[in-house]
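**Q** Now for the letters of each chain:
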Amino acid sequence: MARLTVDDLCKTFPGSGGRPPNRVLDNVSFDMQGQVFVSLVGPSGCGKSTLLNIVSGVETYTSGQLDLTNDEGRPARLGYVFQDPRLLPWRTVVQNMLYVQDDNSSQTRDRALRYLDMVGLANNTDYFPTQLSGGMQQRVGIARAFSVEPDLLLMDEPFSHLDAITARGLRENLQEIWIESRKTVLFVTHDVMEAVQLSDRIIMLQPGGRIFDDITIDLPRPRHQSDPKVATMQAEVLGRLESMTGVNDDVSQAAPTGGAP
Amino acid sequence: MSTGVTDQFPGGALAAWEQGEAQGRRALRQRQARILMFVLLGWLTMLLVWQWGSAQLPGRVLPGPWPVAQEMWEIVASGRFVRHFLTSVTRTFMGFGVAALVGVPVGYAMGRSRYWRAFFHDGVTISGTVPALTYAVMSLIIFGISTIGPVLAVALVSTPYVALNVAEGVRGVDRDLIKMSEAFGRSRREIRRHVLIPTIVPFVYAAVRLSFAVAWKVEALTEVFGGRNGVGFEIRREYQLFNVTGLLAWMFLFIAFMLVIERLLAVSERRLLAWRPQERAGI
Numbered sequence: 001m002a003r004l005t006v007d008d009l010c011k012t013f014p015g016s017g018g019r020p021p022n023r024v025l026d027n028v029s030f031d032m033q034g035q036v037f038v039s040l041v042g043p044s045g046c047g048k049s050t051l052l053n054i055v056s057g058v059e060t061y062t063s064g065q066l067d068l069t070n071d072e073g074r075p076a077r078l079g080y081v082f083q084d085p086r087l088l089p090w091r092t093v094v095q096n097m098l099y100v101q102d103d104n105s106s107q108t109r110d111r112a113l114r115y116l117d118m119v120g121l122a123n124n125t126d127y128f129p130t131q132l133s134g135g136m137q138q139r140v141g142i143a144r145a146f147s148v149e150p151d152l153l154l155m156d157e158p159f160s161h162l163d164a165i166t167a168r169g170l171r172e173n174l175q176e177i178w179i180e181s182r183k184t185v186l187f188v189t190h191d192v193m194e195a196v197q198l199s200d201r202i203i204m205l206q207p208g209g210r211i212f213d214d215i216t217i218d219l220p221r222p223r224h225q226s227d228p229k230v231a232t233m234q235a236e237v238l239g240r241l242e243s244m245t246g247v248n249d250d251v252s253q254a255a256p257t258g259g260a261p
Numbered sequence: 262m263s264t265g266v267t268d269q270f271p272g273g274a275l276a277a278w279e280q281g282e283a284q285g286r287r288a289l290r291q292r293q294a295r296i297l298m299f300v301l302l303g304w305l306t307m308l309l310v311w312q313w314g315s316a317q318l319p320g321r322v323l324p325g326p327w328p329v330a331q332e333m334w335e336i337v338a339s340g341r342f343v344r345h346f347l348t349s350v351t352r353t354f355m356g357f358g359v360a361a362l363v364g365v366p367v368g369y370a371m372g373r374s375r376y377w378r379a380f381f382h383d384g385v386t387i388s389g390t391v392p393a394l395t396y397a398v399m400s401l402i403i404f405g406i407s408t409i410g411p412v413l414a415v416a417l418v419s420t421p422y423v424a425l426n427v428a429e430g431v432r433g434v435d436r437d438l439i440k441m442s443e444a445f446g447r448s449r450r451e452i453r454r455h456v457l458i459p460t461i462v463p464f465v466y467a468a469v470r471l472s473f474a475v476a477w478k479v480e481a482l483t484e485v486f487g488g489r490n491g492v493g494f495e496i497r498r499e500y501q502l503f504n505v506t507g508l509l510a511w512m513f514l515f516i517a518f519m520l521v522i523e524r525l526l527a528v529s530e531r532r533l534l535a536w537r538p539q540e541r542a543g544i
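Chains B and Y supply the protein sequences, listed in that same order.
Counting with the working numbering, you get residues 1 to 261 for the letters of the first sequence.
Counting with the working numbering, you get residues 262 to 544 for the letters of the second sequence.
Worth flagging that the hints you see were computed from the coordinates, not collected in a lab.
Hints are supplied without guarantee of correctness; some may be wrong.
What the hints assert, rightly or not - In silico EDC-like pairs for lysine to aspartate or glutamate, Cα to Cα no more than 20 Å straight-line:
id: 1; chain 1: B; residue 1: K229; chain 2: B; residue 2: D218
id: 2; chain 1: B; residue 1: K229; chain 2: B; residue 2: D156
id: 3; chain 1: Y; residue 1: K440; chain 2: B; residue 2: D102
id: 4; chain 1: B; residue 1: K183; chain 2: B; residue 2: D71
id: 5; chain 1: B; residue 1: K183; chain 2: B; residue 2: D156
id: 6; chain 1: Y; residue 1: K440; chain 2: B; residue 2: E157
id: 7; chain 1: B; residue 1: K183; chain 2: B; residue 2: E172
id: 8; chain 1: B; residue 1: K183; chain 2: B; residue 2: E59
id: 9; chain 1: Y; residue 1: K478; chain 2: Y; residue 2: E523
id: 10; chain 1: B; residue 1: K183; chain 2: B; residue 2: D200
id: 11; chain 1: Y; residue 1: K440; chain 2: B; residue 2: E59
id: 12; chain 1: B; residue 1: K183; chain 2: B; residue 2: D218
id: 13; chain 1: B; residue 1: K183; chain 2: B; residue 2: D117
id: 14; chain 1: Y; residue 1: K440; chain 2: B; residue 2: D200
id: 15; chain 1: Y; residue 1: K440; chain 2: B; residue 2: D156
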């Protein structure tokens, strides 16, 4: 498990070709630790993926502070689930799992196989990724991220490239694994329904990269889309997201519903 | 695709699907049988035309299929086939070895850096455009009648193929896979071994298969001009003896051998690249 502290974080991309510099994160502050599932939600262009990249260390930030440590106070070990599966096509499923491990002890191998079992792929370990459907490939991606026993698990819209029915199945599956493993998760999505179903807490970003809202979802797990309590919560969060449009004029450009062509 | 994972079908649909599958297989078999028949008809026609042609000309100018087949058998039975082909093949592969040794690093550099690409590009293009015959003649002039001549000719012909293909392969490396590897803390060595090299291997294979046909001909050609052994040398000897039967026999053995090697390369490629869906489908 990890502790992540973000303090007044700003990120500005320098303007190029005469365009003004583009501020994508504006004084973002939040703090998360322990067995929590936190979602970053917002319309496209609100800087949520950039924030994830900064946390993972791929991207730098302009000002502010970011502190990420594990329980022993050392740098946290990260697991990553991408939008697309990103599996090595020339390695079998189990080889892909072992590729990201630091050692090849039988213990490590057993752990990898256990996570493959948890995503329902125990019988497909020797398949090549191209022999699996897109949803199954993404399951491998999820199992891979869990199997490195990360202190912090970063997920960047892992279900956005899947069809609705497949995504639904994977969401249920992710929830089961999370209930069992209780990892610290930072989950980026633009899907409010998904965020409510999975998260303990939803941090909403608005275009321009300011935190607009920070909502605690206190519902018992496992949560199902059909559950009226979940549905009520989803409606409430969606309502708050829509109220964002009134606060900032820029939203009309970024939100999928509004704006002139 | 049948290799994919099938979902659960309800009983009725599954039965119907199996029935359709069986019908499909039957139709496929019938079509394959028909195709085979046409292949055989093609062969028969070729042999008949040859036989007819040989009957129109004096016997020594164009012997018919039967004497040539007998001569082929004699060449194989006497052990000359194995001896000379082994010599030629060894040289061809030595040439390939040199081509790989030079072409892979050059191609790698060209793929990784635009400056090295600029440095090598014209040289590689020019050396790939030079007619193979020129290489054969040049290496004979420089090295005379020796083993180095043919090896060098083969190397010169194959190197540009290898370099350009490897460059293409390196440029085609999936950046997302490298980012994934870095996100999971893989070392540069691991990334090279598990991402870079597997990306390049199919391109190297394509280069070898492409250049093999040319290299093998260059090898024989060099032997015709200045060999002391090898297939090309044998062909020239038959020419000097005006033994057209022997000439044709060697030529057909040459073709047969070449087809076998091509097949072997294709099979080993399919094994190595089993992860590619088109390899599994047997295309």
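**Q** All the hints need checking, so say for each whether the structure fits it.
**A** Evaluation of the provided hints:
1. The straight-line distance between the Cα atoms of K229 of chain B and D218 of chain B is roughly 10 Å, inside the 20 Å bound, and the hint therefore holds.
2. Distance hint between K229 of chain B and D156 of chain B is unfulfilled; the C-alpha atoms sit about 26 Å from each other, more than 20 Å.
3. Between the alpha carbons of K440 of chain Y and D102 of chain B the distance comes to roughly 17 Å, so the proposed pair stays at or under 20 Å and holds.
4. For the proposed pair K183 of chain B and D71 of chain B, the alpha carbon gap of about 12 Å is at most 20 Å, so the pair holds.
5. The straight-line distance between the Cα atoms of K183 of chain B and D156 of chain B is roughly 16 Å, inside the 20 Å bound, and the hint therefore holds.
6. With a C-alpha separation of about 16 Å, the suggested pair K440 of chain Y and E157 of chain B falls inside the 20 Å cut-off, and the hint holds.
7. Distance hint between K183 of chain B and E172 of chain B is fulfilled; the C-alpha atoms sit about 16 Å from each other, no more than 20 Å.
8. Restraint check: the Cα-Cα separation between K183 of chain B and E59 of chain B comes to about 23 Å, which exceeds 20 Å; the hinted pair is violated.
9. The suggested pairing of K478 of chain Y with E523 of chain Y holds, with an alpha-carbon distance near 13 Å, which does not exceed 20 Å.
10. Distance restraint check for K183 of chain B and D200 of chain B: the Cα-Cα separation of roughly 12 Å lies within the 20 Å cut-off, and the hinted pair is therefore satisfied.
11. Straight-line distance between C-alpha atoms of K440 of chain Y and E59 of chain B comes to about 12 Å, which keeps the hinted pair within the 20 Å bound.
12. Between K183 of chain B and D218 of chain B the alpha-carbon distance is near 17 Å, which keeps this suggested pair within the 20 Å criterion.
13. At most 20 Å may separate the alpha-carbon atoms for a hinted pair to count; K183 of chain B and D117 of chain B meet this at roughly 18 Å.
14. As the CA atoms of K440 of chain Y and D200 of chain B are separated by approximately 29 Å, the hinted pair breaks the 20 Å bound.
15. Straight-line distance between C-alpha atoms of K440 of chain Y and D156 of chain B comes to about 14 Å, which keeps the hinted pair within the 20 Å bound.
Hints 2, 8 and 14 from the earlier list are contradicted by this structure; the remaining hints agree with it.
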